[in-house]
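The residues making up each chain are set out below.
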Amino acid sequence: MLTLEQSHQETLQTEPAVLARAQQNRENVEQKTQQGYSEQTVWMLAVKMQRDRAAFCKLFDYYAPRLKGFVMRSGVSGAQAEEIVQDVMLTIWRKAGQFDPHRAQVSSWIYQVARNRQIDVLRRERRPMPEDLAEPDQATEDASQILALEQEAQRLRLALSRLKPRQREMVEKAYLGELSHAEIQEETGLPLGTIKSRIRLGLEKLRHELKELRSS
Amino acid sequence: MSEIRHHISEPLIAAYVAGNVAQPYALVIAAHVSMCEECRARMAAHEMAGGAVLEATDGHVISTDLRAQVLDALDHAAPNEAQAYQRSGIFPAPVMEALKGKPPKWKSLGFGVRQSILQSGDDGSVRLLYIPAGQEMPNHSHDGLELTLVLQGAFSDEDGRFGVGDVEVADDDVDHAPVAEAGEACICLAATGAPLKFRSWMPRLLQPLFRI
Ligand SMILES: [Zn+2]
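First to last, the protein sequences are chains S and V.
In this note's numbering, each number is its position in the first sequence, counted from 1, plus 4.
In this note's numbering, each number is its position in the second sequence, counted from 1, plus 92.
It is worth saying that the hints were derived from the structure and are not from the lab.
Heads up, some of the hints might be wrong.
To be verified - Okay, the calculated bits of chain S under chain V, using three or more residues with CB under 8 Å as the criterion:
id : segment
1  : 99 to 111
2  : 159 to 169
3  : 200 to 207
From a predicted model like this one, the values you see are computed outputs, not experimental measurements.
From the three backbone atoms N, C-alpha and C, an ideal C-beta is built for every residue, glycine too.
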């Protein structure tokens, strides 16, 4: 499955260590997909943990066209949209360490990076961001939390696809940044409450782990 | 930290996530989220909704060079990042960033009340306010939304008690008269839409004395 992208990795493919690592990465990907992680999460984790270029290519091919379409919907020209896509995808590679599948989907993380970049470009100002959460050093993966979030994301996508056209348009406008807070409805028709609760559990667990790390 | 009871409203969080909130409000929201796990989780939920919209967007053909350019650039050194500020004392990281890492420059408003303006422009202003314990906040008018986040101490008004981490969301010209609680001085981060206009430079409680 990864053979196509491996041709993009021109670097020293023949070295046994590199081949062994590629094999290892492939096994990781298969194992995690079997666990029920979405492909996008698996690719992103491979980029984060193994700096896997083939996985990054997968992410690029999946997200870059969507990102371009998304950015262009706010009235940005094709050329400028591609500049934003380039910046966003490079940020994804460079800041992959910040991706935390217990609290975010790849798409929500990319959405966030894209909004920040667009604001930088359009308004020439950096928007204030919340304090980063301290991450435990040896972050242990909690598969049940990651899976539960994947399932919530699935429900969310389904709910979005089932909205009435008018309501869906309002939701899209809201997240494209075209509505003020006064124009945004309290009720979106999306199951955000359950998602919030799930992420809250993840945050509590993180806080707990940090406490244990500090006391040990 | 005592439990936070007053949060950012759902539409404001959504607008913040979508990047459609004026800079002064965005600072108060970012500061509150830094202190509030509930709102951090709500913010993440809205980011997921934004991600779902992104996923469902029809793709646009990407020019062939772009992919190669991005792959080429993976090995380049990342451009210098803006300095990351850390929380310091009662000030969460985004407030420290607005202060550029320095202590606030307080200006007296009289009667022990002080302010330190962090930003002021066409899209509104955001300031730190220092109200001595037991003192009433300066009476002021504002157009549109006012967000007030408590960083130290507490204040009370008709809408209830606001302690550390609580944020009061006052739409339009609510005539509220917040009073700082006895004990510790109250320090707030307050954002208003249009430039803040003080109706009087003295706290209202003291006004009758001066009308004689
Ligand atoms: Zn909150």
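Here is what the structure says about each hint:
| no. | hint | result |
| --- | --- | --- |
| 1 | 99 to 111 | holds (count 5) |
| 2 | 159 to 169 | holds (count 4) |
| 3 | 200 to 207 | holds (count 5) |
The earlier numbered hints are all upheld by this structure, with none contradicted.
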